[in-house]
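Trainee: If you want the building blocks of each chain, they are given just below.
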Amino acid sequence: MTKELAKALSVPVAELRRACEAFEQPFERSDELPPGASHMGQQRAVDAIRFGIDIDRPGYNVYVLGTQGSHRHGLVNELIAERARAKGAPDDWCYVNNFTDPERPQALSFTAGRGGEFRDDMHALIEDMRLAIPSAFEGDDYRNQLRAIEETTQKELQEQWQSLEEHAASEGIGVLQTSTGYVLAPVEKGKVLGDKEFDRLPEERRKKIQAAIKRLSEELQARIEQMPKLRKQHRERVRALNQEVTAQAVSALISELRQKYEDMPKVTAYLDIAEQNIIENAQDFRRPESTALPFLARDSTESFAQYEVNLVVDNSASDAAPIIYEPNPSHPNVIGKIEHRAEMGALLTDFRMVRSGSLLQANGGYLILDIQRVLTRPFTWESLKQALLAKSARIESPADTYGLVTTTTLKPEPIPLDLKVILIGERWLFYLLNRYDHEFENLFKVAADFENDIERNDETVREYASLVADSARTNDLLPLSHDAMRKVIEQRARRAQDGEKLSLHMRSLDDLLIQSDYWARKRGSELVEPVDIKEAIDQRDRRLDRSRARILDAIRRDILLIDTEGTCVGQVNGLSVIDLGEYRYGHPVRITATTRMGTGELVDIEREVKLGGAIHSKGMLILSAALTSRYSPETPLSLHGSVVFEQSYGGVEGDSASVGELCALISSLSRIPIKQNIAVTGSINQLGRVQVVGGINEKIEGFFDVCSNRGLDGSHGVVIPRDNIKHLMLREDVTDAVRDGRFHVFAATTIDEAVALLTGVPAGERGPDGRFAHGSVNAKVEEQLIRYATLRKRFGKKAESDEQE
Amino acid sequence: MSRSKETLHVFIAVTETSSIPDLWQAALRTAGDSPAEFVALYLHDERWHRAASLPFTREISKTAGTAVDFTLRRAEQLLSDAARQLKNQIDKLASEAERAIAFEVLPESDQVRARGLISAGESVLILPSILHEHPICGEVTGRGVRVLFVECGLAQA
Numbered sequence: 001m002t003k004e005l006a007k008a009l010s011v012p013v014a015e016l017r018r019a020c021e022a023f024e025q026p027f028e029r030s031d032e033l034p035p036g037a038s039h040m041g042q043q044r045a046v047d048a049i050r051f052g053i054d055i056d057r058p059g060y061n062v063y064v065l066g067t068q069g070s071h072r073h074g075l076v077n078e079l080i081a082e083r084a085r086a087k088g089a090p091d092d093w094c095y096v097n098n099f100t101d102p103e104r105p106q107a108l109s110f111t112a113g114r115g116g117e118f119r120d121d122m123h124a125l126i127e128d129m130r131l132a133i134p135s136a137f138e139g140d141d142y143r144n145q146l147r148a149i150e151e152t153t154q155k156e157l158q159e160q161w162q163s164l165e166e167h168a169a170s171e172g173i174g175v176l177q178t179s180t181g182y183v184l185a186p187v188e189k190g191k192v193l194g195d196k197e198f199d200r201l202p203e204e205r206r207k208k209i210q211a212a213i214k215r216l217s218e219e220l221q222a223r224i225e226q227m228p229k230l231r232k233q234h235r236e237r238v239r240a241l242n243q244e245v246t247a248q249a250v251s252a253l254i255s256e257l258r259q260k261y262e263d264m265p266k267v268t269a270y271l272d273i274a275e276q277n278i279i280e281n282a283q284d285f286r287r288p289e290s291t292a293l294p295f296l297a298r299d300s301t302e303s304f305a306q307y308e309v310n311l312v313v314d315n316s317a318s319d320a321a322p323i324i325y326e327p328n329p330s331h332p333n334v335i336g337k338i339e340h341r342a343e344m345g346a347l348l349t350d351f352r353m354v355r356s357g358s359l360l361q362a363n364g365g366y367l368i369l370d371i372q373r374v375l376t377r378p379f380t381w382e383s384l385k386q387a388l389l390a391k392s393a394r395i396e397s398p399a400d401t402y403g404l405v406t407t408t409t410l411k412p413e414p415i416p417l418d419l420k421v422i423l424i425g426e427r428w429l430f431y432l433l434n435r436y437d438h439e440f441e442n443l444f445k446v447a448a449d450f451e452n453d454i455e456r457n458d459e460t461v462r463e464y465a466s467l468v469a470d471s472a473r474t475n476d477l478l479p480l481s482h483d484a485m486r487k488v489i490e491q492r493a494r495r496a497q498d499g500e501k502l503s504l505h506m507r508s509l510d511d512l513l514i515q516s517d518y519w520a521r522k523r524g525s526e527l528v529e530p531v532d533i534k535e536a537i538d539q540r541d542r543r544l545d546r547s548r549a550r551i552l553d554a555i556r557r558d559i560l561l562i563d564t565e566g567t568c569v570g571q572v573n574g575l576s577v578i579d580l581g582e583y584r585y586g587h588p589v590r591i592t593a594t595t596r597m598g599t600g601e602l603v604d605i606e607r608e609v610k611l612g613g614a615i616h617s618k619g620m621l622i623l624s625a626a627l628t629s630r631y632s633p634e635t636p637l638s639l640h641g642s643v644v645f646e647q648s649y650g651g652v653e654g655d656s657a658s659v660g661e662l663c664a665l666i667s668s669l670s671r672i673p674i675k676q677n678i679a680v681t682g683s684i685n686q687l688g689r690v691q692v693v694g695g696i697n698e699k700i701e702g703f704f705d706v707c708s709n710r711g712l713d714g715s716h717g718v719v720i721p722r723d724n725i726k727h728l729m730l731r732e733d734v735t736d737a738v739r740d741g742r743f744h745v746f747a748a749t750t751i752d753e754a755v756a757l758l759t760g761v762p763a764g765e766r767g768p769d770g771r772f773a774h775g776s777v778n779a780k781v782e783e784q785l786i787r788y789a790t791l792r793k794r795f796g797k798k799a800e801s802d803e804q805e
Numbered sequence: 001m002s003r004s005k006e007t008l009h010v011f012i013a014v015t016e017t018s019s020i021p022d023l024w025q026a027a028l029r030t031a032g033d034s035p036a037e038f039v040a041l042y043l044h045d046e047r048w049h050r051a052a053s054l055p056f057t058r059e060i061s062k063t064a065g066t067a068v069d070f071t072l073r074r075a076e077q078l079l080s081d082a083a084r085q086l087k088n089q090i091d092k093l094a095s096e097a098e099r100a101i102a103f104e105v106l107p108e109s110d111q112v113r114a115r116g117l118i119s120a121g122e123s124v125l126i127l128p129s130i131l132h133e134h135p136i137c138g139e140v141t142g143r144g145v146r147v148l149f150v151e152c153g154l155a156q157a
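Protein chains in written order, with our numbering: chain A, 1 to 805; chain B, 1 to 157.
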């Protein structure tokens, strides 16, 4: 490697970590800063949410896309709260008995607060009726009237019977009563005639008696058939009396209520029906008579209970539209449920056991749900969509919805819905739902996409500082010093994986501040200083870096083979990143390549054994194309090459090793060794350009740590894609080492630059004759490929002549 | 049935149509505090048997109005049911009064047995007044048996 090239490709120290400069308007403590906007950098999402909650059209519900911890909930709540206050409290909702079809309880709406009032009024009415109705039935008036009815009926019956008996007697026939009926038999002098006495009668008399018995039997049968009518007549008279007595007792009570709710026609109609029902079922309200089987006796409490009111939505305590966040969006919690009680082995239910879910609790306001939780709770998503499509909440159990139970249950009257549902979730779920759930796009027409980061410039840094100060205030933390604030800004750029951006991941910011506060208080400081920020970061890394430490230990003990000195043909130090969610780290990985004459095959061993992901495989195919187009444009590629990540036993994904893999292949073909003190990362395109990769900081630091453990001698370094420079936010120990010349970071734009840096030999360019410069790496690669092609041709001819012989 | 001179023998003649409680109350009043033996005599008049012996008699159901042949077997069943019901009723009343009572079925045609049951001495025969012409009255008259007629209501159906 020429020194000039190394110098030209070296990344200046200043670009390795974009430090936060002193603020234009300096401050000593963060609590001097003015409050910041809580929705900093999220204007697009804020506008979308405002639009979604303002527009009053069906289907304009909101899906908030963004990563967890990006303050989605907080911001949504804040924006909705503004609007909810302006809307005012929505109606209360009650379920009452449907007297004509008790399986379909009736829904009644009231202005906020009046639902509870109505419930209490009905309860008081029941208490009054409980006393008034039995008392009315125990009064002398009622008893006298009842006795009069009974006497009338008895008299009618006796008259009928007497007339029959008299008629029969006039014809010499007696009417004998048995336990179950009547027998007509001839009588003489008050005594029933037996067969002997009857036979002694003259024939004419016998015939007359038989005819009379036949005729009287028919008459008796006709009268018996009339008996049910008489009994029914009697019951009706008693019933009419009961109704009259009940009506007198309850009408005054109910008319008072009717007057109170006269502005609500549905309620007064219910009261009319309830009154009618009470009057029609007057007997149910009388004190029960004692029975031999008391447990079978009808409970009068139940008779009164059917006039109770089940208040399912109570907005009496609110003056704003409800904002409901349902942390556990199970089907019953969201849609509602119908409870049952066990009674003598049977499960019973009625309108009083209908329970509303958060959908109804949020009616007239806003319901916030985590979509991932909704989708992982059985039946919730389908029922939620159905409710939104139907614009009404129908409370039923999933078992009923899907016809899984055959017992009768309730079907409460659906309650009209007028609410906004705000789903909060990850982006991938939004895209999946959009793609595969056709109802989704009709129901959630507003997407509020949260940014992951924000542009880093003087203005945003200033605003961000205010945001940090707010967070410290909100969390009741110590204020930050001016320098600590600069460190926080730098850490936020590091978190964004970009020196030119600041992360908007608010949870990690809160965590950093809380932990820094902890270390500052531990020091006894009243101010968070840079040392506390550093301690918080270091301690967090230390808590999470067990697997990283094990890898470094394995490298130190030569279990995981990584050379950091000398050279080797066909072997290069690549760089890999392990992502553990909140913690990522990098480490070097040995990539080796072998080549021989073949038929143009490049074998990616990772892919062959199915350890390579799709992107890794794509990278290998691009690499193969780059190799062919570069060195073998006019001759068949007569190469068999294989590439592998040595000692890698897990999956390999991404194309960030493709530059390293190509360098290893080039080294193997050219037989020019690669320096082991330099690691390389970058993806390559078909034209040989080196492209950006992710996790660049962790990758550099991973190799730095290995080299640093073994002792930095000034020869160690890393080759990265030039386009990745803007993403650099390296640790300060790395930048210090670079500043001191103990470590190097090179930025390459092309594969040739990477090859020259790794081999120390110029890569070589094609001259006017179309050939690479003699002695260059590329010339040697091309020569080797031509040699393979010639050999292959020779072998081909030999095989042909062998066949002919 | 053991008898002693000191014991009063109270015979209560009952029919299906007479009010048992009225008769029983009369019997208790008659016995007072003195030791007494109670015997219920179910007097049945055999009218069902006579009616059943005729080939054309029918029993017409109270509830449905349907008619079926009225047979001797049915008459026997009615008699047996009536006897059981009366016995249950009078046993219950006696039990409430903490008294013991025997129960005998006495057909109209079996007056000889009546004579055997109702002996002379300290005996009282209590009957519903409606039975003042019943043959049993003739059987006991002149034998030192006190006969007491009771104005009682009709049996509750």
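Be a bit skeptical, because a hint or two may be false.
[Said to hold, decoys possible] Sample of chain A residues lacking proximity to chain B, with all beta carbon distances greater than 10 Å (derived): (1) F51; (2) H167; (3) A185; (4) D195; (5) E197; (6) Q221; (7) S397; (8) K534; (9) R584; (10) M597.
[As the list claims (entries may be wrong)] Here are the simulated DSS-like cross-link-like pairs (lysine-lysine), alpha carbons at most 27 Å apart as the crow flies: (11) K7(A) with K780(A); (12) K229(A) with K87(B); (13) K62(B) with K232(A); (14) K191(A) with K87(B).
In case anyone wonders, no lab produced these hints; they're calculated from the structure. We put the CB at the ideal spot given by N, CA and C, even for glycine.
Trainee: So S397(A) supposedly isn't at the interface. Is its beta-carbon more than 10 Å from every beta-carbon in chain B?
Mentor: Answer for S397(A): holds, closest chain B Cβ roughly 46 Å.
Trainee: Holds or violated: K62(B) with K232(A), Cα cutoff 27 Å?
Mentor: holds (16 Å)
Trainee: Checking the smallest CB distance to chain B, is R584(A) really beyond 10 Å?
Mentor: holds (91 Å)
Trainee: Is the Cβ of E197(A) farther than 10 Å from every Cβ of chain B?
Mentor: violated (8 Å)
Trainee: Is the hinted pair K229(A) and K87(B) satisfied, with a Cα-Cα distance of at most 27 Å?
Mentor: violated (35 Å)
Trainee: Mind checking the alpha carbons of K191(A) and K87(B) for me, to see if they're no more than 27 Å apart?
Mentor: Between K191(A) and K87(B) the Cα gap is close to 25 Å, so the pair holds against 27 Å.
Trainee: Is the nearest CB of chain B more than 10 Å from the CB of M597(A)?
Mentor: holds (111 Å)
Trainee: Confirm or reject: K534(A) is not an interface residue toward chain B, with every Cβ-Cβ distance exceeding 10 Å.
Mentor: holds (101 Å)
Trainee: Is the Cβ of Q221(A) farther than 10 Å from every Cβ of chain B?
Mentor: Violated, since 4 Å does not exceed 10 Å.
Trainee: Non-interface claim for D195(A): all C-beta distances to chain B beyond 10 Å?
Mentor: D195(A) not clear of chain B: closest Cβ-Cβ about 4 Å, inside 10 Å.
Trainee: Minimum C-beta separation from F51(A) to chain B exceeding 10 Å: can you confirm that?
Mentor: holds (77 Å)
Trainee: Since H167(A) was said not to touch the interface, does its Cβ keep a gap of more than 10 Å from each Cβ of chain B?
Mentor: Non-interface label stands for H167(A): nearest chain B Cβ at 15 Å, farther than 10 Å.
When held up to the earlier numbered hints, the structure conflicts with 3, 4, 5, 6 and 12 and fits the remainder.
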